[in-house]
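*Asks:* Take the sequence shown: its letters are residues -29 to -1, 1 to 298, numbered as in mature numbering (1 follows the signal peptide of the UniProt record, and there is no 0).
These are computed hints drawn from the structure, not numbers from a lab.
Take the hints with a grain of salt, since some may be wrong.
As the list claims (entries may be wrong) - Below, in silico cross-link-like pairs of lysine-lysine (PhoX-like), each with a Cα-Cα straight-line distance of 20 Å or less:
id	residue 1	residue 2
1	Lys23	Lys60
2	Lys62	Lys258
3	Lys23	Lys62
4	Lys105	Lys62
5	Lys258	Lys293
6	Lys264	Lys60
Unchecked claim - Computed beta-carbon distance windows for the label pairs:
id	residue 1	residue 2	range
7	Thr58	Leu27	19 to 27 Å
8	Arg253	Gly174	35 to 43 Å
9	Thr5	Thr211	37 to 45 Å
For every residue, glycine included, the Cβ atom is placed at its ideal position computed from N, Cα and C.
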Amino acid sequence: MTLTIQKKKTVLFLTLVWSLLSLTSLVDASKTRTYESTTHTITQHESEQSPKILPLTDQRQLVLGELDALERATFAHIQLKDAQEPTIKRKLLHHSPAGWHNYHVTNARGTKSWLMNRGHLIGYQFSGLNNEAKNLATMTAYLNTGFSDSNPEGMLYYENRLDSWLALHPNFILDYKVTANYDSDNLVPTSVDLQYVGIDHNGQLLDIRLGGGLEVTDNYGVTTVTLNNQSPLAVIDYKTGLLLEELLKQETPPVAAPATDPAVDTDTAPQIDTSREVHVTRNGRSKVYWYHKINMPASTTFANVVTISEDEAIASGKHHSKRESQD
């Protein structure tokens, strides 16, 4: 009898270990998505030769520029390996950066979406920072996500590819800096500069290329991309953050901002109304979301279903279930 109980305990333990390993593999698989346009080349330069990057150490480094006299975020600079990425679940955003206003605008299909985001300079997947004023700037949703991670005019395009590059090269280091560019005393940045370079285990600089046609690389292999803080849905006043001119049929007044904004990471076209609520299984860890619980599989454990905005789902790399219509 004792031997039988011991065998059952052993089987139960092994089953639990297998389940945990399977879950880890699923998470890793979602991070290690391979992008054909992403490559790196070893340069002839060592890390200390470039004045643009942080001094190399074995530790994760994060440097935040001070807020300026107008309370505007200036820059954020990080150096890390894949294993040093944050693992704490992201909380709701509540800090409003300089020039923060938001609007529901009508897109080409006649549906509504939020025009603006509280945008992280260094995305949460790298920084682990959420309500840190030094790392948040008023950005259009288009700059933040590009409405899709395949659009090189959005930060999400570069964030997802750099995150994947780190996951695929766990012994390498990423040096990544984002700078907000303001004209005069404007509260809203007109553009942001993304600067990135890899470093191998010998301290050699790695020229990372992500594609997209906007990269400019210096002699050390450090790449810079400048992205405009604009939107195809409306024109904003960079001095105040207010709406200057809506480029669609209907003008809309400012409305209360949503409780959360995406960080960074979307797979849908701009015609989708991304302000709606969606449902995600596995306590929000699933890569698929649903509009209606009634359409979810009968085997779904509804106690583990969380409800978030479609903006947030898209920004974290999730996509709408192909088994459910867009209606």
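*Asks:* Confirm or reject each hint.
*Replies:* Against the structure, the hints come out as follows:
1. Lys23 to Lys60: With a Cα-Cα distance of about 31 Å, the restraint between lysine 23 and lysine 60 is violated, given a limit of 20 Å.
2. Lys62 to Lys258: 18 Å, holds
3. Lys23 to Lys62: The given pair, whose Cα atoms are some 32 Å apart, is violated under the 20 Å limit.
4. Lys105 to Lys62: 17 Å, holds
5. Lys258 to Lys293: 12 Å, holds
6. Lys264 to Lys60: Violated, at about 23 Å.
7. Thr58 to Leu27: 19 to 27 Å: About 24 Å separates the Cβ atoms of threonine 58 and leucine 27, which means 19 to 27 Å holds.
8. Arg253 to Gly174: 35 to 43 Å: 40 Å, holds
9. Thr5 to Thr211: 37 to 45 Å: Roughly 43 Å apart at Cβ, these two residues keep to the hinted range, so it holds.
Taken one by one, the earlier hints fail for this structure at numbers 1, 3, 6, listed in ascending order.
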